[in-house]
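Asks: Whole structure, please, built from the sequences with the hints as guidance.
Keeping their order, the protein sequence lines are chains P and F.
Count the first sequence with my numbering and you get residues -18 to 645, in order.
Count the second sequence with my numbering and you get residues 8 to 166, in order.
Since the hints were made in silico from the structure, they are not lab data.
Please note: incorrect hints may appear among the correct ones.
Stated by the list, open to error - For each label pair, taking beta carbons as the anchor points, the in silico distance ranges come out as:
1) P/K123 / F/K80: 52 to 60 Å
2) P/N495 / F/K80: 45 to 53 Å
3) F/G83 / P/N524: 26 to 34 Å
4) F/H55 / P/L449: 51 to 59 Å
As the list claims (entries may be wrong) - Okay, the calculated bits of chain P under chain F, using three or more residues with CB under 8 Å as the criterion:
5) 190 to 198
6) 523 to 536
All residues carry an ideal CB built from backbone N, CA and C; glycine is no exception.
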Amino acid sequence: MKKLRSPITGLMAIALLFGMHACKPKNAGNTVSSDAAGKVYVAPGKYDEFYNFVSGGFSGQMSVYGLPSGRLLRVIPVFAVDPEKGWGYSEETKPMLNTSHGSVPWDDLHHVQLSKTNGEYDGRWLFGNANNTPRVARIDLKTFRTVEIIELPNSGGNHSSPFITENTEYVVAGTRFSVPPDDKNGDVPINTYKQNFKGTISFISVGKEDGKMEIAFQVQCPGFNFDLSRAGKGVSHGWFFFSCYNTEQANTFLEQNSAKNDKDFIMAVNWKKAEEYLKAGKGRKQAVKYAHNVYSDKTHSATSEIRTEVTVLDAKELKDICYFFPCPKSPHGCDVSPTGEYIVGSGKLAALIPVFSFDKIQKAIAAKDYIGEFEGIPILKYESVLYGEVKKPGLGPLHTEFDNKGYAYTSMFVSSEVVKWNIKDLTVTDRVPTYYSVGHLTVAGGDTKTPYGKYLVAYNKITKDRFLPTGPELSQSAQLYDISGDKMQMILDYPTIGEPHYAQIIPAEMIRNNSVKFFKMEENKNPYFSNGEGTTKVVREGNKIHVYMTAIRSHLTPDNIEGIRMGDEVYFHITNIEQDWDVPHGFAIKGASTAELLIMPGETQSLKWNPDKVGTFPMYCTDFCSALHQEMSGYIRVSPAGSNTPLLFSTNKNFPASDSADKK
Amino acid sequence: MKKLFIIGIIGCVVLAFTWSGCDSNKGTPVPATEAKKTDGENPSYDPHRGEGKFTKVEVGASLDAAMAEAGYKVYGVKCSSCHKLSEEKLVGPGWKGVTDRHSPEWIMNFITNPDAMIDKDPKVQAQLEICLVRMPNQNLTDEDARAIYEFQRKNDGVK
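Replies: Dropping the structure here:
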């Protein structure tokens, strides 16, 4: 072996050298792409360097990938039911999907935001927005579970959300579709849009310790479309920026009618000023209806409460909260540089990228350098607030994130590329193709004060031929780029769920060690908790049957239940009494119109079952748990209504005694 | 150009093979049999004590009734699903006589560190062939483990 090694290696080195030379792209300074595999290879048993939290778009969920491998680690159910996990089907999780419209089993989750402290990720929570029935969700990164969902009144299409201030003081939610306010008669001709429709920006406060969300106040704005948003940071902390389109206030055929103006607006919101007005009692209490749902890890269940009041600040009456500045043309992304000084507007239909200066905005406001006003809100002069324009960046700029070396990266939908440019001199330094039609992109830490850089992921709207075909419907496509060098290098292509919009990338060590492994039985406060097999029971309350059941490898207790009658409503309350990591048990029963339960160790979850016919029904553990998993099953006997079959329940007892077993 | 590129790729593949081939021959050669022997018999493992944090457990001459009662409570929540107090096997073996079969250190190590001992202990491995279910780690505290041992003594007739 040793003898052979040298000549082969030598020959190989020469070959490799030639090989490298041969595939070297024209662009000098680029590294050969043959090392891409090594860059994304995470050996079996090894961990990824980063967590990547990705919006699940119209799946309503959030997905978690490892980077650089692109491996899907988990799908977190948020706004849509998930029968696999019992989310929205178990009695404990049903309240999480409650809204003022009743239970809503689906939504469109567009953007994700990690909680921040001092403008940097703190690894505590993750927020997501529901675009359809306006809501914001909070996920606890200790359990990777949705623990809170708050609905937003006066809103339609909660799109400019859930962007976060630098200490997570607020999560914002701006309405994409303006609507008549909830306390006004909404039964109006649609073409009275200009008179009757309003845009609302909600400021949701977040509890410093517990993360609890409350709608602190709403700012009522002119009726048009608030598209995207970012909080100021550093020098611009205390301000928020929203892109606005349809300043034409069209209510039909927006494709053309909202694209008439040469420039729309970015709205700057001084939220510190809004706080002052709020404190001074300038807000108007408005009657509304919205749901606030909270999940507890102690009771292992959710509660839903309908709230009836919100405080509204009127941007027209209360001066100095809102300012507009013009931005070409139908702006989408509205992204703030790491220092907070530069605001990058991405006009979907613009042939350049304007970069605005926070300092200049402040000076223009102080000098009242206005070109007019829109529904009582001053419009700053474009030239006065502009830092500069990135010329000929590509076509269809959408979103921008930043690295740690002074560069910005903008996605170009129409020209299908990512463009890298220098924030200071606004020159384009590199561009790479995406496959195809990139929408959002994310850089590791790319929206923080101190980005990590290193990786960029492009989330593409069109997949086409990137993977093996799967019929007319294809999964979405993401591309990973190494951005550590001067030139961006594509190193991985991988499919994603739903339609990914914004995403976040955070070093794994900030989250990994806080991950809960199981729930302590001693802390289980679910009212239907069974503290060991000795406490299991079946209780009849009228036509309601409560089965207090335990699951452990590999049996259910009780596993024989008799005395259920037609017309009964049966609640299986299953406690998984395992106390170790990665030992969930599942539970399913024949004919259940809900789903399965998936019960984590130490947790109690409940499944409602309405038996639909007389007979005997099997139930079993659905999640392979041990060598005797197939044995983890039982039966429940259903007798006709009014019959007097005694209520019996046991495991390994074989009730009733055999001599009476067949007697009715 | 294209040909050169292919040669380059072949070169890479050859290199990969060459490297992996050489790796196993690095350093001083170790006879295969010797290595196997070390793995199999696990000389560092003490079958009397088991493996875990308990090296010496102080056990009184007579029963600590309060501790045994605490142990009984833990048994009800975390053990009784699988273990009877008689000699009868349920999921796992019955507990009658367990304190005669094993040292207190072994028992307390096993119930607090089951995975490591299932992989190493000859008696546990023999038991696994019968029960086929790996005893779960129920994350007992040290106090829980000690109390369970005291309750097992009571179950075995210690007064």
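Asks: Does the stretch 190 to 198 of chain P contain three or more residues whose Cβ lies closer than 8 Å to a Cβ of chain F?
Replies: violated (count 0)
Asks: Could you check the hint for me, namely that F/G83 and P/N524 are 26 to 34 Å apart, CB to CB?
Replies: About 32 Å separates the Cβ atoms of F/G83 and P/N524, which means 26 to 34 Å holds.
Asks: Starting from the hint 51 to 59 Å, judge whether the C-beta atoms of F/H55 and P/L449 obey it.
Replies: Roughly 58 Å apart at Cβ, these two residues keep to the hinted range, so it holds.
Asks: Using the C-beta atoms of P/N495 and F/K80, is the stated range 45 to 53 Å upheld?
Replies: violated (31 Å)
Asks: Using the C-beta atoms of P/K123 and F/K80, is the stated range 52 to 60 Å upheld?
Replies: violated (29 Å)
Asks: Residue count check for the stretch 523 to 536 of chain P against chain F: does it reach three with CB-CB under 8 Å?
Replies: It holds: at least three residues are needed, and the stretch 523 to 536 of chain P offers 5 whose Cβ sits within less than 8 Å of chain F.
Checked against the numbered hints above, the structure breaks hints 1, 2 and 5 and satisfies the rest.
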